[in-house]
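**Q** Sequence:
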Amino acid sequence: PVLPLEVESDEKMFLRWTGFSLTPKDITPMFSLLRVQDVSEMDELLKAVGLPSWNFVFADTKGEIGYRMIGNAFLHRVPTSFGIETIPFD
1 PVLPLEVESD EKMFLRWTGF SLTPKDITPM FSLLRVQDVS EMDELLKAVG LPSWNFVFAD
61 TKGEIGYRMI GNAFLHRVPT SFGIETIPFD
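Under the working numbering, the residue at position 1 of the sequence shown is numbered 1, and the numbers go up by one with no gaps.
It is worth saying that the hints were derived from the structure and are not from the lab.
Built from N, CA and C at the ideal position, the CB exists for glycine as well.
Just so you know, nobody snuck in bad clues.
Computed spacing ranges between beta-carbons, pair by pair:
id	residue 1	residue 2	range
1	Ser40	Val78	36 to 44 Å
2	Lys25	Val57	18 to 26 Å
3	Met30	Ser9	37 to 45 Å
All chains, full assembly: derive it from the sequences and hints.
**A** Structure, rendered in structure tokens:
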């Protein structure tokens, strides 16, 4: 997407976010979150979720506690610049 900037310039800003690359298989496991019975089931379920950069802390009635960071780590085959990249528009 192109985001409008409230500046005195005709420049545009592009948002490069891994969430734009999601597929249904990355999201559908989330529909089963409320059906799990314990920490080990939750941990296994969250392995299948591909939403980028979500953190979960969870517990069960037996006193077990779990933590998992989820999301795909995308490999950039072309180096990306840091900061705001300037791209010429025609």
